[in-house]
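Heads up, our numbering is the position in the sequence shown plus 23, with the first residue counted as 1.
Among these hints, one or two may not hold up.
[Unchecked claim] Mimicking DSS-like on lysine-lysine, the simulated pairs with C-alpha atoms at most 30 Å apart in a straight line are: (1) Lys32 - Lys45; (2) Lys45 - Lys103; (3) Lys27 - Lys103.
Think of the hints as simulated: they come from the structure by calculation, not from any bench.
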Amino acid sequence: TEGKMTMVKMWAGGVPYAVDGKGFDPTVGRITRTEADGTEVDAAGDLLVRSTLLSAILCCNTTLSMSVDQETGEARWEPKGNSSEAPI
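Could you build the full structure based on these sequences and the hints that come with them?
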């Protein structure tokens with residue numbers, strides 16, 4: 024394994040949601056839900072999603088900050104703290 028956890032699904036109010044993104048970059052990714060007719064809908068603004076994620080963030084001790092790789096000069100998002108909380 025790579026030692027990296029990724030959040031790919033979440034449930035809020037009994038509704039399943041799909042989560043995608045790339046690494047820890049908070050500007051990339053989306054949260055969707057599938058309607059009964061199979062249509063995929065952007066769910067980032069759903070009250071259930073927002074309240075569930077707010078609760079998770081308030082209980083989380085991990086921070087996310089931008090850092091620059093010393094060798095490549097590439098900027099990247101880096102978590103600091105509990106690695107099991109970082110995907111949230």
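Hint check:
1. Lys32 - Lys45: 14 Å, holds
2. Lys45 - Lys103: Given that 30 Å is the threshold and the Cα spacing comes to 17 Å, the pair holds.
3. Lys27 - Lys103: Since the Cα atoms of Lys27 and Lys103 sit roughly 13 Å apart, the hinted pair holds (cutoff 30 Å).
Of the numbered hints listed earlier, not one is contradicted by the structure.
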